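> Sequence:
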Amino acid sequence: SAETSALTKSVTILSRLRSTRIASPDLLQAPHGTMSGCIIYCGNLPLDVRERELEDLFDKYGRIREIDLKLPPRPPGFAFIEFDDPRDAEDAVRGRDGYNFDGEKLRVEVARGRMGSGGGGGS
1 SAETSALTKS VTILSRLRST RIASPDLLQA PHGTMSGCII YCGNLPLDVR
51 ERELEDLFDK YGRIREIDLK LPPRPPGFAF IEFDDPRDAE DAVRGRDGYN
101 FDGEKLRVEV ARGRMGSGGG GGS
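So the sequence shown is residues 1 to 123, counted in our numbering.
Heads up, a few of these hints could be off.
What the hints assert, rightly or not - Within a straight-line C-alpha distance of at most 25 Å, the following computed SDA-like cross-link-like pairs (lysine to any residue) qualify:
#1 K70 with R94
#2 K70 with F101
#3 K105 with G43
#4 K70 with D97
#5 K105 with Y41
#6 K105 with E53
#7 K105 with L47
As the list claims (entries may be wrong) - Per label pair, the in silico range of CB-to-CB distance:
#8 L47 with R87: 30 to 40 Å
#9 D59 with E109: 27 to 37 Å
#10 D84 with E109: 24 to 34 Å
For the record, the hints were derived by calculation from the structure and aren't laboratory data.
The structure presented is a predicted model; accordingly, all values stated were derived computationally and were not measured.
Yeah, the Cβ is synthetic: ideal placement off N, Cα and C, and Gly gets one too.
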């Protein structure tokens, strides 16, 4: 029946979404745009930086949902850090933009795109 077919498609789509890299399953229920402003970009990172160091540097601003650390072959490294609350992300930008980290000034701003997009090839 048409209802069974639609249900099967929905289950297939949900299982595909769940198999992709998502920080938390509750993001699947979030309406489009609700996470806007919760992700910050942190640039000018040394290539030997560890995720734990970023967590220590930013967790004072609020609960961190995910850190997506990118260490390219040549410096600088960068990361996308997702907070639960956009106000925490804004506080982190105010508190850490220009911050001296390992002799370099960090560049911290609210991210313009979605975390995880633009990486690894294929569509």
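> Each of the hints needs a verdict: does it hold here or not?
Hints versus structure:
For the hint pairing K70 with R94, the CA-to-CA distance comes to about 22 Å; that is within 25 Å, so the pair holds. Annotation: proposed proximity of K70 to F101 holds, straight-line Cα distance about 17 Å (limit 25 Å). For the proposed pair K105 and G43, the alpha carbon gap of about 9 Å is at most 25 Å, so the pair holds. This hinted pair checks out: K70 and D97 have alpha carbons roughly 18 Å apart, not beyond 25 Å.
For the given pair, K105 sits about 14 Å from Y41 by alpha-carbon distance, which is consistent with the 25 Å threshold. Between K105 and E53, the direct Cα distance comes to roughly 15 Å. Compliance with the 25 Å bound is thereby established for this hinted pair. Proximity of K105 to L47 is assessed by CA-CA distance (about 14 Å); at most 25 Å being required, the pair is judged to hold. The given range of 30 to 40 Å is respected by L47 and R87, whose C-beta atoms sit roughly 31 Å from each other.
One distance hint, 27 to 37 Å for the beta-carbon pair D59 and E109, is violated here, with the actual separation near 19 Å. Separated by about 19 Å at the C-beta atoms, D84 and E109 break the suggested range of 24 to 34 Å.
In summary, the structure is inconsistent with hints 9 and 10 from the numbered list given earlier, while agreeing with the others.
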